[in-house]
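Undergrad: Chain by chain, the residues:
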Amino acid sequence: MSAASLQPAAAGASGHSELVTPEDYPAAVAATMELCVTMLESRATKRELEGAVEKNVPIRGWGPHPSMIRRWARGLWLLKARRGEAAEAGGEGEGAAEAEGSEAARELPSGAVPVVVGLDEHSDTHLAIADPGPLLSSFSALSLSPFAPRRQSVAGTVPIDILRTIFSWLRPGYDYPRIQTYVAAARVCRCWTEAAVEYLWENVLMWDPDDIDEFAKVVAREQRCFLGPAAPALIRRLLIHLYDTGEEHLDHAAFGVIAMNCRSLRSVDITTTSNLMHLFSLGTFFHLWPNIVALEFKGRMDSIMEGFPLTVDALNTFWSGEVGTAFLQGIGRLKALDFSIDSNAPADIVTALCNAVHGATTD
Amino acid sequence: MFHRANLRNNSKNGRSQVGQNRNSKKKPVAKLTLITEDNESFTVCKKVAEMSMFFKNMLQDTEGIPAPFIVPNVSGYDLKKIIEYCSYHCLDTDCPNDNDSLRSRRDRKIGHWDETFVRNIINKDGDPVIDNLVGLTKAAYFLDIPGLIWLMTKSIANTIDPKPIAEIREIFNVPVPSEREEEILQR
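Chain order of the listed sequences is A and B. Using this note's numbering, the letters of the first sequence map in sequence onto residues -10 to 352. Using this note's numbering, the letters of the second sequence map in sequence onto residues 457 to 643.
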C-alpha cells in the first residue's frame, strides 16, 4: 500500500474524530466485541444481519433490539475511525491507542494493527474492515457493510409452509427417487434446512447390517452426522432390505436404540434373505410406539432373543410377556400387514407363530 | 416457435373467455373490483374470483356490498397472472381446485396450458424469473388458490429437482457461504 493511498482514509477518519471521545471508546470496543461474539454464536445469516443493520429491523430468531445493533454498528465505526487515527499517527499512534484505551489494547492483539492497511480500499462511510486482523475475521466473512447493497436472495424469503409444499413434491416414490435433492436443498441456506430435513429423514432405507449399527449410533447422537434438529423423530418409514449379507443375527441393541428414538415411526418394512432377526427386536417397535400402522416382514427368524431359540415354551413366555402382548396388540391395530417367516426352527412352531400373528389381526 | 405460437393462442383463449363473461348482456354477471397494494385495479367476474378461497369467504361475509376489494400483500403483476390463471381454470372441471383432491393425485402432470403459463412468467424489473415464481406462489398462498399453489410449488420443485447444490444456490441467488457458515449449516 502506498502512502498516498493511505492518506484519504486517514483524513476521512480524522474528519469524524470528534465522535471518538475517551468515554465512549471502551464502550464502543466492548460493543463491537460483543457483536463479534454474538454474530459467531447466533444463527443469524449474513443476509439477515446486513438487512438488520440497514433497516434497523430485529433479526428473526435472534434477540437484540435494533437500537443495540445500531449501537454496535456505531461501535464498529468508531473503532474504524480510531484505527484511522492510529494509522495517521504511525507507529507512535499504536502506542498512543494502547495508552488511551487499555481495554481496546487488550481486546485487539498486535495482529490487529495491519488492519489500517486495508482502510484505503473503502471510503470512511464503510463499516466493513477490509483486511481485518485475526480477531475480526468474522467481520470480513460476514461483510457487515450496509453501503454495499446486494439483491436479497429469494431463497430466504420463501415462507416455510411454501417450502414444505415444494419439498413434498420431491418425495421419493412420486417420480423423484433422489434423496440427493433433499440433501442439496437442505444445504442451500439455513432457512431451507428445517423444511428439507423433515422430508430427508422421512424414509430411511438400509441395505447392510452395518448400516443398522451405524444408524443406531446416529440416532442416539453418539456419532456426528448431517442431522437437523430432532431428525430421528421425523422418521416415518423404516425400510431394511438385506439381501445375502451374511448369516449373523441382527443386533437387538441397535434395533432397541432405533425403536427408542424414532417416535413418529408409522411403517416398518424389513426383508432379510440371510440374516437372522430376533422376534424380540420386532416386538420392541410395537412396545414403544403403538402408533405404527404398517408392518411388512419377510425374513428369517429362528430365535426370540439371544440364546432363546424358537421353542413352544419360549414362545409362550414371550406372548405372556410385556413386549409380546404389545406386539400382538400392535398387530391388531395395523392397517397393513405382510408377515412371512423363513426359519430353521421346527415347522409346527413357525406355524404357531404365524397363526398367533395372523390371529391377532382378526381380533 | 411451436411453444410460442401455442402460448399466444392459449392466452388469447383465456382472455376471450373473460371477455365473453364481461360482455354478455343477456345474463348480468356479478363483477367485482380488486385493488392491489400498488393501486392497480382489476375488474373480474365473481366466478373467477371465487377460485380463491380468500375471495370466496370474503364475498360470503360481505354479500351485497358493492365496494371494491382492497387486496393487501399482492402486487399488480401477481394479481394479473392470478386472474389469467383463474379465468382459464374457472370453467375447467378437469382441474381440481381443492387441497384434498390435489393431494390424492400426487402424480398428476402439469398440463400444457399450465406449463406455458409458468414459462410465460417474465422478468420484471430485471429480476430473475424465480423471484416472480416465488412472489406468485406467495400471492397464491395468500389468496388461497389450491390449484395455483399446486402448479407453482410443483414448478419450483421441478426447477430444483435434479440439480446440485451450487446450481440451486445460483438459481435462488443464495450467496455461497463461507466455510464457517457451511460448518454451522451442517451442524
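No lab work stands behind these hints, which were simulated from the structure alone. It is possible that part of the hints are untrue.
What the hints assert, rightly or not - Selected chain B positions facing chain A (Cβ under 10 Å, derived; list incomplete):
no., residue
1, ALA523
2, PRO524
3, PHE525
4, GLY567
5, HIS568
6, ARG575
7, ILE577
8, ILE586
9, ASP587
10, TRP606
11, LYS619
12, ILE621
13, ASN629
Computed from a predicted model, the values in this text were never measured in an experiment. Where is the CB? At the ideal position from N, CA and C, for every residue including glycine.
Undergrad: Hint by hint, say whether it matches the structure.
TA: Hints, one by one, checked against the model:
1. The interface hint given for ALA523 of chain B is broken, as the beta carbon of that residue sits about 29 Å from the closest beta carbon of chain A, more than 10 Å.
2. Nearest Cβ of chain A to the Cβ of PRO524 of chain B: about 27 Å, over the 10 Å cut. The hint is violated.
3. At its closest, the beta carbon of PHE525 of chain B sits 23 Å from a beta carbon of chain A; the interface hint therefore is violated under the 10 Å criterion.
4. About 16 Å separates the beta-carbon of GLY567 of chain B from the nearest beta-carbon of chain A, more than 10 Å, and the hint is not met.
5. The interface hint given for HIS568 of chain B is broken, as the beta carbon of that residue sits about 18 Å from the closest beta carbon of chain A, more than 10 Å.
6. The restraint placing ARG575 of chain B at the interface with chain A is violated, with a minimum CB-CB distance near 18 Å, outside the 10 Å limit.
7. Residue-level restraint check for ILE577 of chain B is violated (minimum Cβ-Cβ distance to chain A is 13 Å; threshold 10 Å).
8. The beta carbon of ILE586 of chain B is positioned within 10 Å of a beta carbon in chain A (closest approach about 6 Å), and the interface hint is therefore held.
9. At a threshold of 10 Å, the smallest CB-CB gap from ASP587 of chain B to chain A is about 5 Å, leaving the interface hint in force.
10. Given hint, TRP606 of chain B at the interface with chain A, holds; its Cβ is 8 Å from that chain's nearest Cβ, closer than 10 Å.
11. This hint holds: LYS619 of chain B has a C-beta 7 Å from the nearest C-beta of chain A, less than the 10 Å allowed.
12. The interface hint given for ILE621 of chain B holds, since its Cβ lies 4 Å from the closest Cβ of chain A, which is under the 10 Å cut-off.
13. Proximity of ASN629 of chain B to chain A holds as hinted, the smallest CB-CB distance being about 5 Å (cut-off 10 Å).
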